[in-house]
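Colleague: Chain by chain, the residues:
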Amino acid sequence: MSSIEIDPGTASAPDQKPVKPVPPAVRIARDFVESPLAVLGLVILLCIVAIAILATVIAPQNPYDLSEIRLEDSRQPPGSLRMTDPWETDLILAIDPTTEGRTEITFLDEAPFDGAVLSWTPVSDENAVVVRLVFDPALDSVPLEPLRLDELPRGADLNVGEKHSFRSFWTVEPADLEEFTISSSRALDQPFELELAVHGTEGETIMTYWLGTDGQGRDMLSAIMYGLRTSLAVGVVSCFFAMVIGLSLGMIAAFFGGKIETVIMRIVDLQLSFPTILVALMLLAILGSGVEKVMLALVIVQWAYFARTARSVALVERSKEYVEAAQCLALSRTRVIFRHLLPNCLPPIIVVATVQVANAIALEATLSFLGIGLPVTEPSLGLLISNGFEYMLSGRYWISVYPGIALLITIIAINLVGDRLRDILNPRLNR
Amino acid sequence: MTTPIIELEGVSKRFVKKLDIAEKFARRLGAKVEEHTVHAVDSVNLSIMPGEVVGLVGESGCGKSTLGRCVAGVHQPSDGVIRYLGQDVRTLRGKDLLESRLKVQMIFQDPMSSLNPRLKVSDIISEAPLFHGLIKRGEVEDYVAMTMQRVGLDPSYRHRYPHQFSGGQRQRIGIARALAVQPDFIVCDEAVAALDVSIQAQVLNLFMDLREDLGLTYLFISHDLGVVEHLSDRVVIMYLGRVVETAPTEELFAAPNHPYTKALLAEAPRLETDRRIYAPIKGEIPSPLDPPKGCHFHPRCPHATERCRIEVPALKEISPGRTSACHLNDG
Numbered sequence: 001m002s003s004i005e006i007d008p009g010t011a012s013a014p015d016q017k018p019v020k021p022v023p024p025a026v027r028i029a030r031d032f033v034e035s036p037l038a039v040l041g042l043v044i045l046l047c048i049v050a051i052a053i054l055a056t057v058i059a060p061q062n063p064y065d066l067s068e069i070r071l072e073d074s075r076q077p078p079g080s081l082r083m084t085d086p087w088e089t090d091l092i093l094a095i096d097p098t099t100e101g102r103t104e105i106t107f108l109d110e111a112p113f114d115g116a117v118l119s120w121t122p123v124s125d126e127n128a129v130v131v132r133l134v135f136d137p138a139l140d141s142v143p144l145e146p147l148r149l150d151e152l153p154r155g156a157d158l159n160v161g162e163k164h165s166f167r168s169f170w171t172v173e174p175a176d177l178e179e180f181t182i183s184s185s186r187a188l189d190q191p192f193e194l195e196l197a198v199h200g201t202e203g204e205t206i207m208t209y210w211l212g213t214d215g216q217g218r219d220m221l222s223a224i225m226y227g228l229r230t231s232l233a234v235g236v237v238s239c240f241f242a243m244v245i246g247l248s249l250g251m252i253a254a255f256f257g258g259k260i261e262t263v264i265m266r267i268v269d270l271q272l273s274f275p276t277i278l279v280a281l282m283l284l285a286i287l288g289s290g291v292e293k294v295m296l297a298l299v300i301v302q303w304a305y306f307a308r309t310a311r312s313v314a315l316v317e318r319s320k321e322y323v324e325a326a327q328c329l330a331l332s333r334t335r336v337i338f339r340h341l342l343p344n345c346l347p348p349i350i351v352v353a354t355v356q357v358a359n360a361i362a363l364e365a366t367l368s369f370l371g372i373g374l375p376v377t378e379p380s381l382g383l384l385i386s387n388g389f390e391y392m393l394s395g396r397y398w399i400s401v402y403p404g405i406a407l408l409i410t411i412i413a414i415n416l417v418g419d420r421l422r423d424i425l426n427p428r429l430n431r
Numbered sequence: 432m433t434t435p436i437i438e439l440e441g442v443s444k445r446f447v448k449k450l451d452i453a454e455k456f457a458r459r460l461g462a463k464v465e466e467h468t469v470h471a472v473d474s475v476n477l478s479i480m481p482g483e484v485v486g487l488v489g490e491s492g493c494g495k496s497t498l499g500r501c502v503a504g505v506h507q508p509s510d511g512v513i514r515y516l517g518q519d520v521r522t523l524r525g526k527d528l529l530e531s532r533l534k535v536q537m538i539f540q541d542p543m544s545s546l547n548p549r550l551k552v553s554d555i556i557s558e559a560p561l562f563h564g565l566i567k568r569g570e571v572e573d574y575v576a577m578t579m580q581r582v583g584l585d586p587s588y589r590h591r592y593p594h595q596f597s598g599g600q601r602q603r604i605g606i607a608r609a610l611a612v613q614p615d616f617i618v619c620d621e622a623v624a625a626l627d628v629s630i631q632a633q634v635l636n637l638f639m640d641l642r643e644d645l646g647l648t649y650l651f652i653s654h655d656l657g658v659v660e661h662l663s664d665r666v667v668i669m670y671l672g673r674v675v676e677t678a679p680t681e682e683l684f685a686a687p688n689h690p691y692t693k694a695l696l697a698e699a700p701r702l703e704t705d706r707r708i709y710a711p712i713k714g715e716i717p718s719p720l721d722p723p724k725g726c727h728f729h730p731r732c733p734h735a736t737e738r739c740r741i742e743v744p745a746l747k748e749i750s751p752g753r754t755s756a757c758h759l760n761d762g
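Chain order of the listed sequences is A and B. When we follow my numbering, the leftmost residue of the first sequence carries the number 1, and every step to the right adds one. When we follow my numbering, the leftmost residue of the second sequence carries the number 432, and every step to the right adds one.
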C-alpha cells in the first residue's frame, strides 16, 4: 500500500485522453461518407424515395385516372408527343336569299376563332346567292380538316368543293370558303339554314411521353413513379413487420434458451429450407391476391432471416459482462432485454433490414410478374414489366425495359447502402 | 462473534450439456452417450467477515470466477446454501431479496465489455439507483457527480460514452456503477488483470480507500499472487473447483501447507537479483469435464500416494484460522 500513493481525485489525470465527445451517429455518418460509391447509392436511393413519395405531385400524368388517358396514344415510342382531342364545332348559317344580309357568329371559348362574319348577296336575275364567310383569324391560318357543308336547299349546287357521292354534304377546303356561290335550278325565295361542321386537325400539346406509353396509353414515366411508390411501400412495410417479429423471436430465443429457443430456431430452419419464392407462391395461392396479402406473404418468408441474425447477435451480446452487470444490479428482465441487449443488437439487424428491403421489392416484383402479386389497380414495377412483356417481341421494348431499369437501379442503390452499412457496423472491423 | 457477511456452505455449480433428441435415442439403443457435466465449483465452504478482504487465487479454469458469480447472484448455485448476514438468500423474498442482491455487487475483468457501449456514463451509473428508487430523478446529477468523484473521475465527463475513456477510467466507471447501489460487499473478478501495471496500482489503491471510507468487504478474485498478497487479509486457494487451502495472508506466504500452494508460490515471479530456475508444475490442469478421482491435484503432485488417488481429502483445520485439504497433514 505504501509504495504507490496516488490521490484518487487526480489519479485519472495521466490517462485522460483529449477526446471530444462524438455521438455514435456522427461517427457512422463520417465513416459512411468515405465510400463514394455508397454515397452515390444513398443519393440515388434518396431521389427514388423522394420520387416515390412525391409521385402524385410531380408525375406528368396520373396513369390510373381514366380521364387523363387517351387510348389513341397507346404504345407510343419514347419521346413522342401527347396529342389533344380534335376540336370541332357545328355552325348554323341562316341565309335569306331574297335580300342582302349579314350576321355575326360567335364561338364557344375553346374554339380557335374569335368570331366570324357571314354576309350574302343575291345575284339578280339568277337563282343564286353569293355567300362570304370571314373568320377571325382567317380560316386557313388554323389547321383544320376539310369543312363539311350540309342541308343545302333542294336542287342547290356549290361552285366550290365536292358533293359526297351519295350523301347530302359537301366537302370544302377551308381556303375556298371565303366566298362561294350557291346556285339552284329552282327559285331561291325561301330562307334556309346551312350546317357547317368545322373540325380542327389533331393538335399537339407540350407534354412528351419521354419513356413512351404502354398498351393502355399511360405515360410510362408516370407509371414508373407510381409503381416505385407501391413497390417501395410494400417492401419497406413488409420488411418492418418482418423485422419486428424476427427481432422479438430471435431475442427471446437467445435470452431464454432451452426449449423456447429450440422451437423457435427449428421453425426458422424449416422456413429457410424452402425457397422463398415457392413459399410465397404457396401462400398467395391460399390467401388470394391483394396488397395486404402480398405483404403478409413477404413477412412470412422474411422474418426467419431477422430471427436468425437477431439470435446470433443477441447470444454474443448476452455473454458480455455488461449483461451480467445488469443482472447483478437486479434490473428487471424486460429492462435488460430492451435497454441493454436490444440497442446493442441493432447494427447487424439494420444491415439485414436494408438488404431484405431490396429482396422484398424484388420478390414482390417477381410475384406481380407472375400475375399473383398486386392487383392491377395498384400496379408495382413488377406488374408494369409484366404488362409490357407481351410487346417485347414486336419491338416495343420500352414498356418492359424502363420499369425493369427502375427496379434494377432501386435494388442496386439499396444494396450499395446496405453493403457500406455492413462494413461500418461490423464489430470485427470497428473496435 | 459477529455473523459472516457472506457464508457459503457446500456450494456447487455444475454446467450440464443436455442430450438432444438424437443422442437420447442413441442412448436408448445402447450407445455410450453421456451428459457432459462441468463441475465448475465443487462443494465450497467459505465465510467472509464484514470488513475482511479475502483473496481467491487459482489457475485459469479452476472455477474462481464462477464462485464469484454465485456469490454476486449472477449464477444460481446447483447445490448448497449462500447466506447473506446469516439468511439463506433462497428463502428471501421481495424487498429482502432485492436488498441482499444490491448489497453484493461485482466488478468485472474486461473494462470494455462490462460497460454497455450505448449508454452514457451518467446513465450507466444512475440506472440501477433510479430503477430501485434509491434516488429521485431530480437528484441524478448530484448523485452521479458524487459517485464519479468518489472513484476519481471528473464529473464533467458524465455525458461521454465508455469508448471515449481509457481502460483505467472505464474500470473506475464499473466501480462507480457498483458503488451507486450502496453495496456492503464487492466481488472483484480479476478487476485489475486487464490493466497496465501503473493503472493497476491506482485502481488497487482506490479499492483500499473505498474500503476505509465505506466499510466495504471484498472478495478479490485473482490469479496474481502479488496483487493478492498486497491486498488481502486472508487467502483462499482453489484448484479445479475445490478449495485446497485457506490461511491468513502472511502465514500463507510464509509457510504454505498444501503442495499446490507451495508450487504456486515457488513459481510466482519476483524481483530478485539472483538467477532462479523455474520448475513449472508438471502437466496441464485436468479437464473439469472429467476430473481425476481422489485428490484433484494428485496427477501433478510430487508427494502423491495411493491414498490420494482414491480418497478425496477433507478441508481440515491445521492451525487456528488455517485450513488445508491434503492427506499429508494426517501424518
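It cannot be assumed that every hint is accurate.
[To be verified] Computed list of lysine-lysine pairs in DSSO-like fashion (alpha-carbon distance at most 30 Å, straight line):
1) B/LYS455 - A/LYS259
2) B/LYS463 - B/LYS747
3) B/LYS747 - B/LYS713
4) B/LYS567 - B/LYS526
5) A/LYS320 - B/LYS693
6) B/LYS724 - B/LYS693
7) B/LYS713 - A/LYS320
8) B/LYS534 - B/LYS567
9) B/LYS724 - B/LYS747
10) B/LYS724 - A/LYS320
11) B/LYS713 - B/LYS693
12) B/LYS551 - B/LYS567
13) B/LYS455 - B/LYS724
14) B/LYS449 - B/LYS463
15) B/LYS693 - B/LYS747
16) B/LYS449 - B/LYS724
17) B/LYS463 - B/LYS448
18) A/LYS259 - A/LYS320
19) B/LYS551 - B/LYS526
20) B/LYS463 - A/LYS259
21) B/LYS551 - B/LYS534
22) B/LYS449 - A/LYS320
23) A/LYS259 - B/LYS724
24) B/LYS713 - B/LYS724
25) B/LYS448 - B/LYS724
26) A/LYS320 - B/LYS463
27) B/LYS449 - A/LYS259
[As the list claims (entries may be wrong)] Label-pair distances were calculated between CB atoms; the ranges are:
28) B/ALA624 - A/GLY257: 20 to 30 Å
29) A/LEU287 - B/GLN518: 29 to 39 Å
30) B/ALA686 - A/PHE338: 27 to 37 Å
31) A/LEU278 - B/GLY714: 31 to 41 Å
32) A/GLY371 - B/LYS463: 56 to 66 Å
33) A/SER273 - B/PRO733: 23 to 33 Å
34) B/ARG458 - A/GLY371: 32 to 42 Å
35) B/GLY714 - A/ALA29: 20 to 30 Å
36) B/GLY752 - A/VAL26: 53 to 63 Å
37) A/LEU287 - B/ALA624: 57 to 67 Å
38) A/GLU292 - B/PHE446: 22 to 32 Å
It should be emphasised that the hints constitute simulated quantities derived from the structure, not laboratory data. Glycine included, each C-beta is placed from N, C-alpha and C at the ideal position.
Colleague: Next, verify each hint and record whether it holds.
Modeller: Cross-check of the supplied hints:
1. B/LYS455 - A/LYS259: holds, 15 Å
2. B/LYS463 - B/LYS747: Status violated; Cα separation ~38 Å.
3. B/LYS747 - B/LYS713: holds, 26 Å
4. B/LYS567 - B/LYS526: Given that 30 Å is the threshold and the Cα spacing comes to 18 Å, the pair holds.
5. A/LYS320 - B/LYS693: Violated - the C-alpha atoms of B/LYS693 and A/LYS320 are around 35 Å apart, more than 30 Å.
6. B/LYS724 - B/LYS693: Holds: B/LYS724 and B/LYS693 sit about 22 Å apart, inside 30 Å.
7. B/LYS713 - A/LYS320: Outside the cut-off at roughly 33 Å; violated.
8. B/LYS534 - B/LYS567: holds, 19 Å
9. B/LYS724 - B/LYS747: Holds, at about 19 Å.
10. B/LYS724 - A/LYS320: violated, 34 Å
11. B/LYS713 - B/LYS693: holds, 13 Å
12. B/LYS551 - B/LYS567: Satisfied, since the Cα-Cα distance of roughly 18 Å is no more than 30 Å.
13. B/LYS455 - B/LYS724: At roughly 27 Å apart (the allowed maximum being 30 Å), B/LYS724 and B/LYS455 satisfy the hint.
14. B/LYS449 - B/LYS463: The given pair, whose Cα atoms are some 15 Å apart, holds under the 30 Å limit.
15. B/LYS693 - B/LYS747: Given that 30 Å is the threshold and the Cα spacing comes to 17 Å, the pair holds.
16. B/LYS449 - B/LYS724: holds, 23 Å
17. B/LYS463 - B/LYS448: holds, 15 Å
18. A/LYS259 - A/LYS320: holds, 23 Å
19. B/LYS551 - B/LYS526: Cα-Cα ~29 Å, so holds.
20. B/LYS463 - A/LYS259: At roughly 24 Å apart (the allowed maximum being 30 Å), A/LYS259 and B/LYS463 satisfy the hint.
21. B/LYS551 - B/LYS534: Status holds; Cα separation ~24 Å.
22. B/LYS449 - A/LYS320: With Cα atoms ~23 Å apart, B/LYS449 and A/LYS320 stay inside 30 Å; holds.
23. A/LYS259 - B/LYS724: Not satisfied, since the Cα-Cα distance of roughly 34 Å exceeds 30 Å.
24. B/LYS713 - B/LYS724: holds, 18 Å
25. B/LYS448 - B/LYS724: Status holds; Cα separation ~21 Å.
26. A/LYS320 - B/LYS463: Cα-Cα ~35 Å, so violated.
27. B/LYS449 - A/LYS259: holds, 11 Å
28. B/ALA624 - A/GLY257: 20 to 30 Å: About 29 Å separates the Cβ atoms of B/ALA624 and A/GLY257, which means 20 to 30 Å holds.
29. A/LEU287 - B/GLN518: 29 to 39 Å: Given about 59 Å between the Cβ atoms, the range is violated.
30. B/ALA686 - A/PHE338: 27 to 37 Å: violated, 54 Å
31. A/LEU278 - B/GLY714: 31 to 41 Å: violated, 57 Å
32. A/GLY371 - B/LYS463: 56 to 66 Å: holds, 58 Å
33. A/SER273 - B/PRO733: 23 to 33 Å: violated, 58 Å
34. B/ARG458 - A/GLY371: 32 to 42 Å: Since B/ARG458 and A/GLY371 have Cβ atoms about 53 Å apart, the given range 32 to 42 Å is violated.
35. B/GLY714 - A/ALA29: 20 to 30 Å: 55 Å Cβ-Cβ, so the 20 to 30 Å window is violated.
36. B/GLY752 - A/VAL26: 53 to 63 Å: holds, 58 Å
37. A/LEU287 - B/ALA624: 57 to 67 Å: Check passed, 58 Å falls within 57 to 67 Å.
38. A/GLU292 - B/PHE446: 22 to 32 Å: violated, 47 Å
Taken one by one, the earlier hints fail for this structure at numbers 2, 5, 7, 10, 23, 26, 29, 30, 31, 33, 34, 35, 38, listed in ascending order.
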